[in-house]
Amino acid sequence: MTAPGSPSVTDRTPPLPRHEADAVAPAIVVEIHGLRYWYPEVATPVLDGIDLTVRQGEMLVVIGSSGGGKSTLMLALNGIVPKQLGGRVGGQVRVAGLDPLEHELHEMAAKVGLVFQDPDSQLASIFVRDEVAFGLQNLLVARPTIEERMTEALRFVGLSDALERDVFSLSGGEKQRVAIASVLAMEPELIVLDEPTANLDPNGARDVARLVAKLRDRGRTLILVEHQINDLAVLADRLVVLDAGQVRFDGPPREVLRAHGRAIRDELGLWIPQASEFALEVEARVGPLRIFPRAAAELPSGLQAKAPDPPARVTAAEEAPPILVRAEHVAYRYGGSVDALTDVSCTVRAGEVVALLGQNGSGKSTLASLLVGLRRPGGGSLTVCGHDARSAGIAVLAREVSYVFQYPEHQFVAETVGADVAYGLERRGTLPGEIAERVGAMLRRFELADLRERHPFKLSMGQKRRLSVADMLVTEPRLLILDEPTAGQDRRNTVALIGLLDELRARTGLAIIVITHDMALVGDWCERAIVLEAGRSIFEGATAALFGALDAGTVASGALHVPDTWAIARRLWPERGERVPLLDPVGLASSVTAVGR
Amino acid sequence: MADNAGVAVGKYRYTTLDILIIAVVAAIGGVVNAYVTGAWAKFIEGAVGPLGAALDNPFYIFWVIIVVLLVPKPGVAIVTSLLAVIVEMVAGSEDGSIVLVFGLLQGIGLELGFLVFRYARTLPAAILSGALCGIGCAICLTFIFGFDKLDPLPLVALFVALAVCDGLIGGILGYVIARGVNRAGFAGGTQTWERAV
Amino acid sequence: MIFLYRPGSSFLHRMDSVSKSLWLLAVGLFVLVSADWRVNALVFGAVLLTGFVLGGVSPAMLVRRLLPLWIVAIWLLVLFSVIYPGGVTPLFHLGPITGTREGFTYGLAIAFRVLSLGSSSVFFAATTDPRRMVNEYIEILHLPYRAAFAFYAALRFLPLVQTEAATVRNARALRAQGKVAVGVRDRLQLLRSLTVALLVNMIRRVEVTAIAMDSRGFGAYRTRTSIDDIVRPRSGILFALAWCALVLAYIVVFVVLGGHGPLAAPITGGS
Ligand SMILES: Nc1ncnc2c1ncn2[C@@H]1O[C@H](COP(=O)(O)OP(=O)(O)OP(=O)(O)O)[C@@H](O)[C@H]1O
Ligand SMILES: Nc1ncnc2c1ncn2[C@@H]1O[C@H](COP(=O)(O)OP(=O)(O)OP(=O)(O)O)[C@@H](O)[C@H]1O
Ligand SMILES: [Mg+2]
Ligand SMILES: [Mg+2]
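Chains as they are written, first to last, in our numbering: chain R, 1398 to 1994; chain B, 1310 to 1506; chain S, 2 to 272.
No lab work stands behind these hints, which were simulated from the structure alone.
Part of the chain S face toward chain B, derived, beta carbon under 8 Å:
| hint | residue |
| --- | --- |
| 1 | G29 |
| 2 | A36 |
| 3 | P69 |
| 4 | I72 |
| 5 | Y85 |
| 6 | P86 |
| 7 | Y107 |
| 8 | I111 |
| 9 | F150 |
| 10 | A154 |
| 11 | L199 |
| 12 | V201 |
| 13 | M214 |
Here a beta-carbon is modelled for each residue, glycine too, at the ideal position from N, C-alpha and C.
Hey, can you work out the whole structure from these sequences and the hints?
Put into C-alpha cells, the structure is as follows:
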C-alpha cells in the first residue's frame, strides 16, 4: 500500500492552551501523570512513570519495542488494568473526565473503545449483528437506539450489507472493521486501536487504514498502537515513543523522526520508515532536506545522485548451486472441490533466499505443505531435494525441509527450551551424546543457552521466534520455510535473526523460502521472489525485476507494492526506468550529491 | 481498587475469562466426544460389552477435570459437564439426550470430589473426583440400559471398574494436562498449585 | 459446520426451543420409566413420525446418524436375552448359550429406549438454531445471560478450535519428522502434548476475547437488551404440553398404580 501522506493530513496538532486547574476541560480527553504499574508477581514495573495528555480530535501513535508495555498502557485507560489483570498501580489516569479506578468498567466502556490486533480472538459473537450490538446490549440501551446505531456504524465501516452474515465468512480485514463498528456503535470519546492491521494481508490492511484515516478526518480522538512506524502511523498528529516504561519522545512524527530517528532505530531497536532512514543519512552527509519524508512519496524534489555503486550483493557464483526444489505445473485440490493450486512452477537453489508472495488464499501455505510432505501434490511434478514429492511422504521430506510456523507457540512441544530443541533429534533416534552437543551448539548460536530450563511459552516474543527457528535448524535441513517471520517482531529481533540465518546460509548452503507480506523485508533480504495468484505462479525472478514489473503493472497482484527503497531509487535515477538497483537506505544515501534548494 | 459487580475477580463469581475457558474446553470436549471418543467407545463396548465403558469413560470426562483445575470454583464441574454434553448433542452425537443424564450425574460426582478437597488443585482431588464421576456414570448406565435387572456381582464389578478407571486414568490425565497448561504460564483461579507431583 | 442444524420452516423448526426441550424431556422420561417394549416401541414410532413429518428430517440422515446406536441396540438385545436373570422360557440356542424369551423382551424394551433417546435428540439438534435457543432460554426461562453465553461462546470458538487443532497436529507431525506414535505410552504422551498445546493456544486467544468483552461492558447489569423478537407458536407449546400430559398419565396409571416401570419385571408372569 502506498502511504497516504498528502499535505492536507499532515501535522495539524492544535496548540491549545492547557487548563491546569479545570480537570474536566473538554479539550483534554486523556490525562496521565506518573502512571506506574506492576503485573502480579512481577518485581519490575511495566509502566514506570508515564506522562501523557491527549486532546480531543488528536490522533496519537504509540510505538515501542515488543513487550514494552504499549498494550498494558492502553488497558489502563479503561481500567482493565488493574481491575481484571490484577497487580499494583500508582499515579493518575483520567479519561474523559473519569478516573478508571473509581468508575466501573462499564462506565468506562461508554467512554473508551478498544480494538485489538487479532481479528479472530476479539469478536465475541457468531453473527455480525450480535457483535455490533454487543456493547449496547450490555449497557441496556433501548432496542430502537441499538438498531439505529448498528446501521449507522456498519454503514460507516462500509459493511452495511453484512448485518446478517456470520463472522466465520468474513475476511480478516472485514472482521477488523466489524470490531471497529462494534466500538463505534457505543459512541466512545476515545478509540484505541492496538496494532489493528498487524494480522492482516495488504488488502485488508489497506481497508482498515482507510477507515482509520476516515475516523481521523471526522475528528475522532484516536490512539493507535504500532510496533513500527508504518503507513498507518504516518497519519498521526503525534508520535509517542515508549521506552523502559516511560514516554521517551513525544511530538509531530516528522520532527520526532528527524531529531530522534537514529535513537529510535539503533537504541530502541525499532523500525522506522525506510524513507526516513534514507533522509537521515542524506541529511548527515549532504545537508538538510526541505521536507523530512515519512514515506517515499514525500521525498522532496531536487535530489541529485551520482551513478549508484555496483550492488554489493552480486552472487558471482561460477557454477550455479544445485537445485533443491523443482516444481512444474503443480496442482493441489482440497477435499475434491477446492482448487488451492492449479499451476505452479518454480525452482529453488541451495543457498538462496526466495520470497513466496501472494494474497490471502493464493495458495502459499498449501505449496509449503506440499514441500514438507504434509500433503502430496495432485498433479504436475514436484521434486524436493531429489525426492519425488508424489511418492515421498512426510517421513522423507521433513528431514530435508523444515517449516517454521507463523506463531511460534504452535510448534513448541516440550516444557523446557533445551528439551524442545532436542525433540526433533530424539524422534529420529540420534545418540544422546550427539544430541547434547548439537543442542548446546544451537542454543549458544541463538543466544538461548541461559534460558535452557525456561518454559518456551514464558519467553519474550523475540526469544520465541529464535527458539522456533532453532528447533527446526537443529535437524540440519537443506531447506527452511519461514512463515511471516517478522510479524510482531521489532527491528532488533529481526536483524539478529537474519544475521544468524545468513551466516548459516553461507556456511552450509541452506536455502530459505520466506512467506511474507512484508515488502521491506523482501527488498532487504530476498534475492528472488515467487508470486502466487489464485493458485498459479504468475512471477518468478529477481526481486528487483519483480519491483520493476509491479511498478510497470505487468505483474498485477493487489497484495503487493514496491518497498520504499526501490521507490527512492526510482526517484534518484529516473532515467533508468524500472531497471534501478536495489540498495539499502545507506547505499541509496551515499549516492546523493545534492538535495536541491 | 474499586469494587466491580460485573467483573470482580472473586472466589465464587465467574469472571468473563472463566466463562470463556469453560466454554472453550467444553466445546473441544463435546465435539471430540461426539466424533472421536464416541466412535471408539462404540467399538470398545461392542467388543468387550458394557464393562468396556470403564475403558472409554475416562476419555469422556478428563476435560471436565482439566477445567476445574484451571478454574477451581464451585459449580464449575457441573456447568462444564452439562455444557460439554449439550455441545455433544447439538453436534449430533447419536447418543442423544442420554448424554444429558450422564452429563448431569457425572458432573455431580466430579463436583463432589473437588468439594471434599475444597477445590484444591491437587492430584488426590482429581482422582477422587474422577472416581465419583465413575460412580455417577455407573448409575446412569444401570438405569438407562436396564442393568439393574442383572445379578449384583457384574453390577458391582461395573461400579468398581468405572470408579477405578475414571479416577486413575481420567483423574491423572486431567491433572497432568492441566498441570502442563499451568506450567506454560496460565495461572487461572485464585488458589496456588501444590508443589510438583 | 460441524453442527447438525439445518435451517427450515417445518413445525419443529418454528416451535420455540424451550417447548422443544420440554418435548425432548418428556420423551426421555417416558422411555426411562417404561420397561415395556411395546410402550417404548410406540414412543419410538411417535418420535420417528414427529421428526419425519413435523420436522422434515430425512430418514436417510437419521439412519446414518444412528448407525452406531443400532449396533448398541442389537448388542443389548443379545446380551439381555442371554444373561437376563429372570429368564425361564428358552427362545433360541447358540451352542451352549441359551437365550430366553423374558430376556429378549426386556432387551427389546431397552433397545427401543436407547433408540428413542437417540433419535429424539437428533431431531432436536437438526431443527434448533443454536442462536435462537440461547435467546429463548434467556428470555423465556430467564437464564442469566452470562451463563447462556457460555454455550454461545462454545459454538463461537469451535471453528477456531478446529483450525488450531489442525495446526498443532501438523506442527507435531513435522517436528517428529513423520514418526508416528506407537504403543500406549507414546500415544498418551502425544494426547497430552496435543491437548496442552491446543488448550494453551486457545486460552491465549480467549484471554483477548475476555478483555474485549469486558471493555464493552459485558456483565454490567443483571440483564441486557434483547435485539430479537421471541416467536412462540401456540401449537408448539400445546404439542409439548400434550406429550407431558401423556407421560404423566402413563406414570400415574401404569407405574404408580399398575406396577410397570423400571423396577418391575418387564412382562408380568403369565400375562
Ligand atoms: N497478564 C500478564 N501477566 C504478567 N505479565 C504480563 C501480562 N501481560 C503482559 N505481561 C508482560 O508485560 C510486558 C508488556 O506487555 P505488553 O503486552 O503491554 O507489551 P506490548 O508493548 O504491547 O508488546 P507487543 O508489541 O508484543 O504487543 C511484557 O513483558 C509481557 O510479558
Ligand atoms: N484445509 C483446507 N481445506 C479446504 N480448503 C482449504 C484448506 N486450506 C486452505 N484451503 C483453501 O485453499 C486456498 C489456498 O489457501 P492457502 O492457505 O494455501 O493460502 P495462503 O496463500 O497461505 O493464504 P494466507 O495468506 O491467508 O496464509 C484458499 O482458497 C483456502 O480457502
Ligand atoms: Mg501489544
Ligand atoms: Mg497461509
